[in-house]
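Participant: Here the structure of chain C is known, so what remains is to put chain L in place on it, guided by the hints.
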Amino acid sequence: MRLARGHVLIGVNDETLLAGVRDVEAALRRALEDGGLAEEIEIVETGDLGGTGLGVMLRVYPDGVMYGRVGVDDVVEIVSEHLLKGRPVERLRLPIRPATPTGLTQKQPRIVLENCGVIDPEDLEEAVAVGAYEAIAQVIERGVLPAAVIDVVKRSGLRGRGGAGFPTGLKWSFTAPGEQKYVVCNADEGEPGTFKDRLILEGDPHRLIEGMMLAGYAVGASKGYVYIRGEYHLSIRRMQKAIDAVREVGLLGDAIFGSSFSFDIEVKKGAGAYICGEETSLIESLEGKRGYPRLKPPYPGAVGLWSKPTVVNNVETLANIPPIVRHGAEWFRSYGTESCPGTKVFTILGHVVHPGLIEVEMGTKLRTIIDEYGGGMSAGKAFKGALIGGAAGAFVCVDCLDKPMDFDGLKELTAVLGSGAILVLDADASIVELLDGILAFFKHESCGQCAPCRAGTLALKTISGRIRAGRGRDGDLDRLLQIARTMQATSLCPLGQSTILPIKSALEHFREEFESRIG
Amino acid sequence: MKTLLEKYPRSREHLLDMLHDLQDAEPRNYLTRDALRAVAEYLSVPLSSVVSTATFYSMYSLKPRGRHIIRICESPPCQLVGAETLIDLLAEHLAVGIGETTADGVFTLETSSCLGVCGVAPAMMVDDELYGNLTETRVVEVIEETRRRNAAG
Numbered sequence: 001m002r003l004a005r006g007h008v009l010i011g012v013n014d015e016t017l018l019a020g021v022r023d024v025e026a027a028l029r030r031a032l033e034d035g036g037l038a039e040e041i042e043i044v045e046t047g048d049l050g051g052t053g054l055g056v057m058l059r060v061y062p063d064g065v066m067y068g069r070v071g072v073d074d075v076v077e078i079v080s081e082h083l084l085k086g087r088p089v090e091r092l093r094l095p096i097r098p099a100t101p102t103g104l105t106q107k108q109p110r111i112v113l114e115n116c117g118v119i120d121p122e123d124l125e126e127a128v129a130v131g132a133y134e135a136i137a138q139v140i141e142r143g144v145l146p147a148a149v150i151d152v153v154k155r156s157g158l159r160g161r162g163g164a165g166f167p168t169g170l171k172w173s174f175t176a177p178g179e180q181k182y183v184v185c186n187a188d189e190g191e192p193g194t195f196k197d198r199l200i201l202e203g204d205p206h207r208l209i210e211g212m213m214l215a216g217y218a219v220g221a222s223k224g225y226v227y228i229r230g231e232y233h234l235s236i237r238r239m240q241k242a243i244d245a246v247r248e249v250g251l252l253g254d255a256i257f258g259s260s261f262s263f264d265i266e267v268k269k270g271a272g273a274y275i276c277g278e279e280t281s282l283i284e285s286l287e288g289k290r291g292y293p294r295l296k297p298p299y300p301g302a303v304g305l306w307s308k309p310t311v312v313n314n315v316e317t318l319a320n321i322p323p324i325v326r327h328g329a330e331w332f333r334s335y336g337t338e339s340c341p342g343t344k345v346f347t348i349l350g351h352v353v354h355p356g357l358i359e360v361e362m363g364t365k366l367r368t369i370i371d372e373y374g375g376g377m378s379a380g381k382a383f384k385g386a387l388i389g390g391a392a393g394a395f396v397c398v399d400c401l402d403k404p405m406d407f408d409g410l411k412e413l414t415a416v417l418g419s420g421a422i423l424v425l426d427a428d429a430s431i432v433e434l435l436d437g438i439l440a441f442f443k444h445e446s447c448g449q450c451a452p453c454r455a456g457t458l459a460l461k462t463i464s465g466r467i468r469a470g471r472g473r474d475g476d477l478d479r480l481l482q483i484a485r486t487m488q489a490t491s492l493c494p495l496g497q498s499t500i501l502p503i504k505s506a507l508e509h510f511r512e513e514f515e516s517r518i519g
Numbered sequence: 001m002k003t004l005l006e007k008y009p010r011s012r013e014h015l016l017d018m019l020h021d022l023q024d025a026e027p028r029n030y031l032t033r034d035a036l037r038a039v040a041e042y043l044s045v046p047l048s049s050v051v052s053t054a055t056f057y058s059m060y061s062l063k064p065r066g067r068h069i070i071r072i073c074e075s076p077p078c079q080l081v082g083a084e085t086l087i088d089l090l091a092e093h094l095a096v097g098i099g100e101t102t103a104d105g106v107f108t109l110e111t112s113s114c115l116g117v118c119g120v121a122p123a124m125m126v127d128d129e130l131y132g133n134l135t136e137t138r139v140v141e142v143i144e145e146t147r148r149r150n151a152a153g
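Going line by line, the protein sequences match chains C and L.
For the first sequence, my numbering gives the first residue as 1, with consecutive numbering after it.
For the second sequence, my numbering gives the first residue as 1, with consecutive numbering after it.
Hints should not be assumed to be uniformly reliable.
Simulated DEER-style distance windows between Cβ atoms [stated by the list, open to error]:
(1) C:D402 with L:Y8: 28 to 38 Å
(2) C:R367 with L:S11: 45 to 55 Å
(3) C:E266 with L:K63: 29 to 39 Å
(4) L:G82 with C:R69: 13 to 23 Å
(5) C:E338 with L:R149: 52 to 62 Å
(6) L:K63 with C:A137: 45 to 55 Å
(7) L:R147 with C:A137: 46 to 56 Å
(8) C:E77 with L:K63: 47 to 57 Å
(9) L:S11 with C:G448: 22 to 32 Å
(10) L:A91 with C:E77: 40 to 50 Å
For the record, the hints were derived by calculation from the structure and aren't laboratory data.
Note that CB positions come from ideal geometry on N, CA and C, so glycine has one too.
Chain C extracted, bound-state conformation (with noise of 0.2 Å):
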C-alpha cells in the first residue's frame, strides 16, 4: 500500500452531486498532477461530512481542516496553498470543528456517526482498518451466548431511535422461540426533516450490517432484510455494494467464522408511501402487499414477517450496537441521561446559520444545539418556537429552549423527540401555514385503512384550509382538537393517533395566530 503524505476527503453525497462534487473532484485532480503532487496526496471519496447546505466540502488531513462551498475555481488555490505551502484558505475554511477518526470528543461525542466522513464508504478495508466486524468476531469466536449479547444491550439502556424510544434489548428478549426468525431494519425514513438514517447508509453502511448480524446473532435470526425507501438512490447502491464485499469474503452466508452462526442480508427497496416506517405496515409491504399496518398485539416479535418472530429496528438503533457489545454497557451509559442513555443523531433545519446534521448527547439543551451546534438563529432574527419530530412530533416555544432534549424530557411538554428533526422557526414563521402543510401530509399519507384516520385527515386539512385562508369558523380550533382526540382514542396505527401532537402544541403555544384568522 502507498502511503501518502496528506489525505483529501470529499463528501460524496445526494446534496454534494448536485452541488457539481464530480466537477471540483476531477478539477482536484488535474491540479494535483499538475502540481506534481499526485503522489503525495491522496484524495479519498466519503460519505457525508458532517454538515449539510454547504456545497462542495473537504476535509484535509492531516490538520483536519474543513472547506465548505467548494467550487471548481477554488481548487487550484486550496493545492497551490494548502496542500503545498501547508497554508489553509481561510475565506472557504468552516467553523466546523473536524471529528477525530480516533473518536470521541467532549464536545461531539461521536458514537453512530463515528466513520461517517472519514472512511470510503465503498471499500470494505477502510471500513475494517477502523473495527468494523470486530464486536460480531469476538462474539463468535469468544462463544459469547446469545442471551449475553442481548443483556448486554438491556444494560446499555439503548432506546430505540426510530421515535417510540422502546428500550432495544428488552424488544429483543421478546422475540418468540421459533425455527425461523427475521431481523428486518427499517430504513423507510420518511418523516419530514429527518435524513439522518440517509446519512448513516451513505456513510457507514457496514456498520449496519454489523448491527444486524449482531441482532441476528442475538435473537437466533438467520435473515435480515434492509427496507430502504425508493427514493434513496444512493443508499440502495451503497448498501447492496457493501452486503456483496462482505458476502464474497464470507462475513454473510453460511458458517460464519467456521461457525454454526448463518446470517445474510437483502436490500429491499420501497415504492413510496409514508406509512410503510410503521412496522407492520413494512413488514406488509416486504411480503409483497399494501402497506396496510396491522392490529397489534401480536406484536412482530411474535407474528411477524411471514407470521415468524420477527425484531425490527431502526437504522440508527442498529448502528448502536456494535460499538455497545464492543465497549460493554458501562461505557455507553457515560453518555447521555440516566433514562436516555448515548447520544441521538439530529437533523437541525430551518432557520439557523448551519443547517444540518449533528450527533450530540441525549439531554443536550435545545438553546445548545440552536446556538453553538446551529450557529444561532440565521439574519439575527428573534426564537419563535421549533417543530420538533417532524410532522408526527410537536410545536415547541421559547419555554423550551432549556429542556433536556432526550425522550423522557420533552415528554412532560406533551412534545415528542421522535425522529429527532428539529425545524427551527424564527419570528416571521407561520404557524398556521405550517400546521396546515402538516395536515396536508397526514391526508395524502392516511393509508386509508381504518375509518377514523380516512376520514378524520380529511376533515382536519378541510377546517385548517379555511382556517388559513382566513374564514375560520366559530369552534374550529375545538373542532380540530375534537376530531384529533377521537383519532389518537380509535385510529389503529400511530400515524391516526399523531395528529393531535402537532394540533394540540400549535393550540397551546400559539393560539392567539389561529384566532386572528376566524372571522
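Facilitator: Chain L alone, transformed into the frame defined by chain C:
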C-alpha cells in the same frame, strides 16, 4: 417483459421489485395493463390484487406519464422556505396541474413528501436527479435544461 420477471423467483415478496422494473422499462413511466397482467400470471395471483398493491404506492402510476417526472417536495422544511410558491410557478410554467402531464408528453408534475435533503431546502427530483437550494430562476433553468437534453437525445 418475460426476461425482466424471470430474474425473480415466483414469490409475492418480489412484487414491488417487479413493478419497479416494469415501470422503469416503459418509456412513459407507468405500469401498462399488459405489465400488470404479466405479473399476476407470473405470480399466480389475481390481477385485482396486483392492481390494488400497485395503486397503494405513490411511485407507481397506472396512467402514462411524461418522459421526465418532476417530484417537488411540499413537506414543512421546504414549505417554510417557499416551496408552495415554486409549486405554483412550476404548474404555471408547464401549464399543467399537479399530477398532470404536459401536452408534449415531456414532463409530469408531481408533489412529494419529504425527499430527505432538507439541508438544501427547497428541493425537488427530476427522475433520479436531485436539485436543491431552489429559487424561482433555478427551477425554470432545471426544467429548460432537461427539456434541451430531452430534445437532444
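Participant: Okay, G82 of chain L versus R69 of chain C on CB: inside 13 to 23 Å?
Facilitator: Holds, since G82 of chain L and R69 of chain C (Cβ atoms, about 21 Å apart) stay within the stated range.
Participant: Is it true that the C-beta distance of E338 of chain C to R149 of chain L lies inside 52 to 62 Å, as the hint says?
Facilitator: For E338 of chain C and R149 of chain L the Cβ distance comes to about 57 Å; the hint holds.
Participant: If I claimed the Cβ atoms of S11 of chain L and G448 of chain C lie 22 to 32 Å apart, would that claim hold in this structure?
Facilitator: holds, 26 Å
Participant: Using the Cβ atoms, figure out if E266 of chain C sits within 29 to 39 Å of K63 of chain L.
Facilitator: holds, 31 Å
Participant: Using the beta carbons of R367 of chain C and S11 of chain L, state whether their distance is inside 45 to 55 Å or not.
Facilitator: holds, 53 Å
Participant: Taking 47 to 57 Å as the hint, is the beta-carbon distance of E77 of chain C and K63 of chain L inside that range?
Facilitator: Given a distance of about 52 Å, which is inside 47 to 57 Å, the answer is holds.
Participant: Is the hinted range of 45 to 55 Å satisfied by the C-beta distance from K63 of chain L to A137 of chain C?
Facilitator: Given a distance of about 52 Å, which is inside 45 to 55 Å, the answer is holds.
Participant: The hint says 46 to 56 Å between R147 of chain L and A137 of chain C; measuring C-beta to C-beta, is that right?
Facilitator: Distance hint for R147 of chain L, A137 of chain C holds at roughly 54 Å.
Participant: Could you tell me whether the CB distance from A91 of chain L to E77 of chain C stays inside 40 to 50 Å?
Facilitator: Check passed, 43 Å falls within 40 to 50 Å.
Participant: Do D402 of chain C and Y8 of chain L keep their Cβ atoms within the hinted range of 28 to 38 Å?
Facilitator: violated, 55 Å
In terms of the numbered hints stated before, the structure departs from hint 1 and from no other.
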